[in-house]
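S.K.: If you want the building blocks of each chain, they are given just below.
There are 2 protein chains.
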Amino acid sequence: MSDKPRPPLPGEICPAPIADHEHIVLGHGSGGKLTQELIEKVFLPRFDNPYLARLDDQAVLEMNGLRLAFTTDSFVVTPIFFPGGDIGRLAINGTINDLAMCGAVPRYIAAAFILEEGLATEALTRVVESMRAVADEAGVMLVTGDTKVVNRGKGDQIFITTTGLGVIERPVQISANRARPGDQILLSGTIGDHGMAVMSKRENLEFEGPIESDCAALDSLVAAMLEASENIHCLRDPTRGGVATVLNEIAARSEVGMELDERLIPVRETVKGACEILGLDPLYVANEGKLVAMVAPEAAEAVLKRMREHPLGAEACRMGEVVAAHPRRVLMKTPIGGTRILDVMLGEPLPRIC
Amino acid sequence: MSDKPRPPLPGEICPAPIADHEHIVLGHGSGGKLTQELIEKVFLPRFDNPYLARLDDQAVLEMNGLRLAFTTDSFVVTPIFFPGGDIGRLAINGTINDLAMCGAVPRYIAAAFILEEGLATEALTRVVESMRAVADEAGVMLVTGDTKVVNRGKGDQIFITTTGLGVIERPVQISANRARPGDQILLSGTIGDHGMAVMSKRENLEFEGPIESDCAALDSLVAAMLEASENIHCLRDPTRGGVATVLNEIAARSEVGMELDERLIPVRETVKGACEILGLDPLYVANEGKLVAMVAPEAAEAVLKRMREHPLGAEACRMGEVVAAHPRRVLMKTPIGGTRILDVMLGEPLPRIC
Numbered sequence: 047m048s049d050k051p052r053p054p055l056p057g058e059i060c061p062a063p064i065a066d067h068e069h070i071v072l073g074h075g076s077g078g079k080l081t082q083e084l085i086e087k088v089f090l091p092r093f094d095n096p097y098l099a100r101l102d103d104q105a106v107l108e109m110n111g112l113r114l115a116f117t118t119d120s121f122v123v124t125p126i127f128f129p130g131g132d133i134g135r136l137a138i139n140g141t142i143n144d145l146a147m148c149g150a151v152p153r154y155i156a157a158a159f160i161l162e163e164g165l166a167t168e169a170l171t172r173v174v175e176s177m178r179a180v181a182d183e184a185g186v187m188l189v190t191g192d193t194k195v196v197n198r199g200k201g202d203q204i205f206i207t208t209t210g211l212g213v214i215e216r217p218v219q220i221s222a223n224r225a226r227p228g229d230q231i232l233l234s235g236t237i238g239d240h241g242m243a244v245m246s247k248r249e250n251l252e253f254e255g256p257i258e259s260d261c262a263a264l265d266s267l268v269a270a271m272l273e274a275s276e277n278i279h280c281l282r283d284p285t286r287g288g289v290a291t292v293l294n295e296i297a298a299r300s301e302v303g304m305e306l307d308e309r310l311i312p313v314r315e316t317v318k319g320a321c322e323i324l325g326l327d328p329l330y331v332a333n334e335g336k337l338v339a340m341v342a343p344e345a346a347e348a349v350l351k352r353m354r355e356h357p358l359g360a361e362a363c364r365m366g367e368v369v370a371a372h373p374r375r376v377l378m379k380t381p382i383g384g385t386r387i388l389d390v391m392l393g394e395p396l397p398r399i400c
Numbered sequence: 047m048s049d050k051p052r053p054p055l056p057g058e059i060c061p062a063p064i065a066d067h068e069h070i071v072l073g074h075g076s077g078g079k080l081t082q083e084l085i086e087k088v089f090l091p092r093f094d095n096p097y098l099a100r101l102d103d104q105a106v107l108e109m110n111g112l113r114l115a116f117t118t119d120s121f122v123v124t125p126i127f128f129p130g131g132d133i134g135r136l137a138i139n140g141t142i143n144d145l146a147m148c149g150a151v152p153r154y155i156a157a158a159f160i161l162e163e164g165l166a167t168e169a170l171t172r173v174v175e176s177m178r179a180v181a182d183e184a185g186v187m188l189v190t191g192d193t194k195v196v197n198r199g200k201g202d203q204i205f206i207t208t209t210g211l212g213v214i215e216r217p218v219q220i221s222a223n224r225a226r227p228g229d230q231i232l233l234s235g236t237i238g239d240h241g242m243a244v245m246s247k248r249e250n251l252e253f254e255g256p257i258e259s260d261c262a263a264l265d266s267l268v269a270a271m272l273e274a275s276e277n278i279h280c281l282r283d284p285t286r287g288g289v290a291t292v293l294n295e296i297a298a299r300s301e302v303g304m305e306l307d308e309r310l311i312p313v314r315e316t317v318k319g320a321c322e323i324l325g326l327d328p329l330y331v332a333n334e335g336k337l338v339a340m341v342a343p344e345a346a347e348a349v350l351k352r353m354r355e356h357p358l359g360a361e362a363c364r365m366g367e368v369v370a371a372h373p374r375r376v377l378m379k380t381p382i383g384g385t386r387i388l389d390v391m392l393g394e395p396l397p398r399i400c
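These protein sequence lines are chains U and P, in that order.
So for the first sequence, the numbering used here puts the first residue at 47; every next one is plus one.
So for the second sequence, the numbering used here puts the first residue at 47; every next one is plus one.
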């Protein structure tokens with residue numbers, strides 16, 4: 047009998063660490079523990095530099111007195127059209143958001159398309175029109191691009207890779223390693239909407255009510271928050287892996303603990319119901335128009351007030367606090383008075399969500 | 047009977063223009079006429095801005111007195127390992143080259159991976175190691191990235207999208223619209239090596255001798271050329287669609303004609319033989335370590351001399367001249383004294399070559 051683990055079945059969440067993996071599994075794209083392991087074991091040792099080592103969603107490059115933010119993401123969501131958005135809207139907004147999460151003003155976007163032979167030209171056109179509309183709203187320009195076509199059955203309709211370039215105009219240092227005990231943890235609104243919207247469409251599920259993706263560009267919300275105070279230490283958009291995964295990443299990078307109160311976290315009733323049916327925890331479900339912020343205690347109230355005045359932050363709330371105790375652990379008080387550990391997601395409950 | 051054209055068969059080169067296409071065909075990714083039509087009919091009308099309208103392989107952005115070059119490309123080559131390179135080496139070199147082709151010094155690269163479930167982790171590791179080696183040679187840093195995983199059968203092992211950022215340090219204006227009558231057309235070496243190397247591996251063909259990809263980073267060659275003279279008007283790396291397609295693009299954008307002499311164009315004997323067997327013209331076959339340059343007549347000799355002193359330009363030659371006559375047409379004198387029109391490639395003789 048071989049000592050080697052058997053290759054995982056398609057879609058299987060594989061509990062073994064990457065060191066034991068001879069093959070890539072869906073969980074390596076989850077944004078959770080397996081993705082972290084892939085980054086730490088395959089990418090980081092080979093691209094060892096201070097920019098990548100920050101493990102933020104963007105690199106900050108100092109050039110000629112200019113502080114540039116640079117970020118890239120591939121989008122492989124299926125289906126490509128879903129309630130509240132499509133892959134084009136997702137790609138542009140996602141890249142704008144990754145720039146905004148270090149306080150940058152988004153300026154330029156590059157877009158590379160991998161099309162599957164047989165794709166309807168009309169579908170491509172609709173996606174491109176979405177991209178244009180979203181880019182215009184945010185005042186970013188798509189300045190360069192590329193198109194490749196792969197044989198039928200070697201792709202899946204459309205994959206889009208967007209790369210963004212933005213300028214950090216304020217003297218802020220926003221990074222996952224800057225959370226400090228006492229920081230207030232703010233959340234800009236309800237969680238789980240995007241993931242459940244894509245799932246409902248993909249699996250053709252009928253829930254109690256319609257669920258729409260929250261897909262939105264957060265740059266204007268971040269601009270409003272920074273006007274209220276520059277004392278914002280971390281910003282993250284909780285996409286793949288959800289709020290729980292992002293908070294764990296910040297806790298690990300900043301060597302701090304976190305204490306949350308589950309009762310404070312807003313979840314739409316329809317999303318809550320859909321999650322219960324599917325056995326998912328909304329804290330691990332992807333969002334595409336939400337952010338979490340670690341804000342210095344003296345600035346938190348002003349920042350929260352400004353968030354609530356913004357259309358994308360109307361339901362913003364304080365969800366907890368950064369603590370010195372239990373570094374790298376995120377604890378959550380449950381509604382019935384218990385405490386649970388919110389761990390990083392291991393595998394991939396919702397593959398290809400973005 | 048329907049007026050609509052039947053959907054193309056897989057791999058079929060479809061002569062109808064995009065306006066008649068309801069579906070994407072492989073030829074839309076060829077870099078030839080169908081790619082141009084897709085760009086002109088789907089992308090340009092929706093992303094109407096002066097950067098994209100230049101139709102160069104990179105955007106030049108002026109920021110804070112800095113002239114930045116910004117370029118993106120997806121790589122979908124199959125097989126991912128081929129004689130002389132692999133998809134990782136191709137991705138980094140391709141992006142370095144697109145930056146170099148406007149005279150920029152490559153600085154930073156972002157890389158986004160789309161992995162197919164089931165990919166051998168060892169193959170990914172080898173590709174990443176290639177990327178690192180090539181980046182180090184050229185002094186560029188991979189500063190940010192992304193990884194997605196798609197289900198088995200929805201991708202093809204590895205797709206890589208690399209986006210580059212470089213700085214144009216010299217006061218040069220190098221663009222496809224700057225060719226002028228009298229410019230000398232220089233070519234840095236033999237043509238067709240990359241395309242035939244990939245084909246031979248993919249189709250398991252045995253030719254008279256081994257054919258290796260010419261995959262290489264051209265930034266140091268361009269730096270040497272610009273040291274010889276800044277009077278270089280256009281630079282292009284003839285990848286998809288080959289030398290013929292690139293020259294046609296420059297002729298169209300600059301509203302000039304070109305006259306080439308086939309006898310001056312170096313092609314390796316093995317490549318020539320392989321092309322003859324497959325019925326391909328090396329002028330339409332992809333290169334990944336070659337460039338064509340339109341150089342002011344008074345500078346041509348000095349630039350060519352410097353090219354020949356560089357290891358990547360040892361076989362550099364003058365292949366023809368830009369003329370005022372027959373604008374937008376590229377004519378070539380054949381060895382037997384005739385003249386043929388070199389048109390843009392229509393479809394896709396060699397799909398997924400980069």
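Possibly wrong hints are sitting among the right ones.
[Stated by the list, open to error] DSS-like cross-link-like pairs, simulated, lysine-lysine; straight-line CA separation at most 27 Å:
#1 P:Lys87 - U:Lys79
#2 U:Lys200 - P:Lys318
#3 U:Lys247 - P:Lys87
#4 P:Lys200 - U:Lys87
[What the hints assert, rightly or not] According to the in silico footprint, chain P covers these stretches of chain U (three or more CB under 8 Å from chain P):
#5 90–100
#6 361–368
Don't read these hints as lab results, they were simulated from the structure.
Every residue gets a Cβ at the ideal spot worked out from N, C-alpha and C, and that includes glycine.
S.K.: Each of the hints needs a verdict: does it hold here or not?
M.R.: We went through each hint and held it up to the structure:
Using a Cα cut-off of 27 Å, the hinted pair Lys87 of chain P and Lys79 of chain U is violated, with the two alpha carbons roughly 43 Å apart. Between Lys200 of chain U and Lys318 of chain P the CA atoms are separated by roughly 31 Å; this puts the pair beyond 27 Å, and the hint is violated. Under the criterion of a C-alpha separation no larger than 27 Å, the hint pairing Lys247 of chain U with Lys87 of chain P is inconsistent with the structure, at around 30 Å. Of the supplied pair hints, the one linking Lys200 of chain P and Lys87 of chain U holds, its CA atoms being roughly 25 Å apart against a limit of 27 Å.
For the stretch 90–100 of chain U, the stated coverage by chain P holds: 5 residues have a C-beta nearer than 8 Å to a C-beta of that chain, and at least 3 were required. A stretch counts as covered by a chain when three or more of its residues have a beta carbon under 8 Å from one of that chain; for the stretch 361–368 of chain U and chain P the count is 0, and the coverage is violated.
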